[in-house]
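Please model the entire structure based on the sequences and the hints provided.
Sequences listed follow chains A and X, in order.
So our numbering is basically just the index in the first sequence, starting at one, shifted up by 398.
So our numbering is basically just the index in the second sequence, starting at one, shifted up by 23.
Careful, some of the hints might be misleading.
As the list claims (entries may be wrong) - Covered stretches of chain X, as calculated for chain A (at least 3 residues, CB under 8 Å):
id: 1; segment: 87 to 93
id: 2; segment: 126 to 139
id: 3; segment: 216 to 223
Don't read these hints as lab results, they were simulated from the structure.
Yeah, the Cβ is synthetic: ideal placement off N, Cα and C, and Gly gets one too.
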Amino acid sequence: MKQVRALTLLTTLCCASLTAWAQTTPPPADEPGWAKGRPKSDSAMKMAPVPAFPIPTAADKLPTAKFKLPPGFKVETWASGVLDAREMRQGDKGNIFVSTLFVGNKVYVLPEKAKDGKREPKVIIDKTEQATGIEFNKGTLFFATNKKIVRYDNIEDKLDNPGEPKVLTDKLPGGSDHSWKFLRIHNDKLYYPIGAPCNICDPGEYAKIYRMNLDGSNVETIASGVRNTVGFDFDPKTGNLWFTDNGRDWFSEELPNDELNVVTQPGKQHFGYPYCHQGNIPDPEFGWGKSCDDYVKPAAFLGPHAGSLGLKFYTGKMFPAKYQGAMFIARHGPWNRTKKYADISVAWPDGKGGAKVEPFMTGFVENNSYLGRPVDFLVMKDGSLLVSDDHAGAIYRISYGK
Amino acid sequence: MVRRAAVCFIGTAALACAVTASPAHAQAKPKKPAAAASAASAAAPAAGGQYAQRFATLCAACHGANGRSEMAGTPALAGQHSFYAITQLFLFREGRRSNEGMTAVAKTLKDDDLRGFSDFIGTLPFVPPPPPATPTDSARMTKGQALAQQHKCLFCHGADLAGGQQVPRIAGQREEYLQMSLRGYKTGTRPGYTMAMTEAVSQIPIEDLDVLAYYAARFTTPPGK
Numbered sequence: 399m400k401q402v403r404a405l406t407l408l409t410t411l412c413c414a415s416l417t418a419w420a421q422t423t424p425p426p427a428d429e430p431g432w433a434k435g436r437p438k439s440d441s442a443m444k445m446a447p448v449p450a451f452p453i454p455t456a457a458d459k460l461p462t463a464k465f466k467l468p469p470g471f472k473v474e475t476w477a478s479g480v481l482d483a484r485e486m487r488q489g490d491k492g493n494i495f496v497s498t499l500f501v502g503n504k505v506y507v508l509p510e511k512a513k514d515g516k517r518e519p520k521v522i523i524d525k526t527e528q529a530t531g532i533e534f535n536k537g538t539l540f541f542a543t544n545k546k547i548v549r550y551d552n553i554e555d556k557l558d559n560p561g562e563p564k565v566l567t568d569k570l571p572g573g574s575d576h577s578w579k580f581l582r583i584h585n586d587k588l589y590y591p592i593g594a595p596c597n598i599c600d601p602g603e604y605a606k607i608y609r610m611n612l613d614g615s616n617v618e619t620i621a622s623g624v625r626n627t628v629g630f631d632f633d634p635k636t637g638n639l640w641f642t643d644n645g646r647d648w649f650s651e652e653l654p655n656d657e658l659n660v661v662t663q664p665g666k667q668h669f670g671y672p673y674c675h676q677g678n679i680p681d682p683e684f685g686w687g688k689s690c691d692d693y694v695k696p697a698a699f700l701g702p703h704a705g706s707l708g709l710k711f712y713t714g715k716m717f718p719a720k721y722q723g724a725m726f727i728a729r730h731g732p733w734n735r736t737k738k739y740a741d742i743s744v745a746w747p748d749g750k751g752g753a754k755v756e757p758f759m760t761g762f763v764e765n766n767s768y769l770g771r772p773v774d775f776l777v778m779k780d781g782s783l784l785v786s787d788d789h790a791g792a793i794y795r796i797s798y799g800k
Numbered sequence: 024m025v026r027r028a029a030v031c032f033i034g035t036a037a038l039a040c041a042v043t044a045s046p047a048h049a050q051a052k053p054k055k056p057a058a059a060a061s062a063a064s065a066a067a068p069a070a071g072g073q074y075a076q077r078f079a080t081l082c083a084a085c086h087g088a089n090g091r092s093e094m095a096g097t098p099a100l101a102g103q104h105s106f107y108a109i110t111q112l113f114l115f116r117e118g119r120r121s122n123e124g125m126t127a128v129a130k131t132l133k134d135d136d137l138r139g140f141s142d143f144i145g146t147l148p149f150v151p152p153p154p155p156a157t158p159t160d161s162a163r164m165t166k167g168q169a170l171a172q173q174h175k176c177l178f179c180h181g182a183d184l185a186g187g188q189q190v191p192r193i194a195g196q197r198e199e200y201l202q203m204s205l206r207g208y209k210t211g212t213r214p215g216y217t218m219a220m221t222e223a224v225s226q227i228p229i230e231d232l233d234v235l236a237y238y239a240a241r242f243t244t245p246p247g248k
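Rendered as structure tokens:
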């Protein structure tokens, strides 16, 4: 009896002191997710992610004339003044939808044809954080933030007042790190990622590519161990899903590489994160007791901290035969690497699970500063290729011909 | 489910930190010239002629001719980064950061004005605050330093609290402005691009936020650094 009493008293005391502690000593704020693993060196401590510039570059100051392309290709400014332009999709009636990330909080629509030489972005979704994931399918605009996925049916008939969308899910985890969305619809399934909630950590149910039916039902895992993909597309020949994946930060200036990956067995493959990077580097912390041989190796390397974003198979007819069946990849450029670089690369599947990658359009960097940063692509009906640039707030058009 | 309070984060957060608050990129740009005490004399309008003049007529009455505000609740702009300045002007103009006076001004500004004013602000050298009326409370400073460490302020604002890029300098800022800002973040009334600062400070008691404001306002980089 005495013992029980003593125990009770002890418990009471414990609780009391715990409560007191909780009241007087708040838990320290978490380290920002992006800073996990950052070395304490002076130069690393000065690096942090940078948002898009809040003002679009004026049309006459865009870097368009500085871009370099292979012979026969040309690039022109297709639209300017599109603040924070990220993902692009085209409606059946020609409208071009453009999303934004941290700065814009908007989705715009632009007309296919210029009026008096200009295309004015019209805001159709406003005041929405991480208004980033968009996809168009059979009259419907699918739209995803970090928290939910919705659909606007018959959107092209309601651009002045899109109304209330149907909610497919409002159970996405939200958060800040790698939580914005990239969407693609294939065979009536909507594919979307949930990125790792940190630079490097045990991601639990994060760090995966999922898909759902177009009404939000039947969520399935398509790929695991995917740190942060911001671009993927289906090879029109094989139907395989190819995706870019942004490698972990702070490992070193030159390692690891971003990955270009291909899913050949949906739902069954693990691409390594957080245990193994670029297929052959075990993580210094999470790699213990793991083997890189247990994870799917990348089809190709895309460069250290490259910020590999949009990926699109070229399905047009305008470009030379060499580019039919190739995929274009937007390398947005690093924020935590001393030497900056950014370009549009092109990659060809080699038929054996790998890919050959080479630069396609360069000229985004001058004096180690970004003049522009490519994000996403849209293949137009005439076969030309649109490229969005969130840094300069512009869209460029790449075409081929004498 | 892993839930984390991202302070700065990467995408959003990065910004967040950044935006509203902070990282460290600061040094990516050349450091501003150290302000001599005499910097109190109005900053030479060497750069941005037109906007130097417009600053003098539009901004100086509240923010000070040299960017060292002497008005309670109005932040010092001297020593602030142009990226941070343009971000705030943008947020005022969009109505995402609320302040009656600033919103009214920002609504009249075009994109080029935002660039011009923020570029000019970026040229204003830091001006140290006037000597405080009362002696500095060293115990409060020690506590402030510990809190700044504990709550990861330096992760974005830098060891010298001078910020960088979209992250503001907080060293030497007006105390009551810092106090008001921190409270605004805590209650969510002052968002950045994201709620990163809110996530960072929401669990910190008001008393501790006030200590942080006291500390940052009086913070000086140790000589030799």
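Check of the segment 87 to 93 of chain X against chain A for coverage (Cβ-Cβ below 8 Å, three residues minimum): With 0 residues in contact (Cβ-Cβ under 8 Å with chain A), the coverage given for the segment 87 to 93 of chain X is violated.
Assertion that chain A covers the segment 126 to 139 of chain X - criterion: three or more residues, beta-carbon distance below 8 Å: With 4 residues in contact (Cβ-Cβ under 8 Å with chain A), the coverage given for the segment 126 to 139 of chain X holds.
Between the segment 216 to 223 of chain X and chain A, see if three or more residues pass the 8 Å beta-carbon test, and mark the coverage as holds or violated. holds (count 5)
In terms of the numbered hints stated before, the structure departs from hint 1 and from no other.
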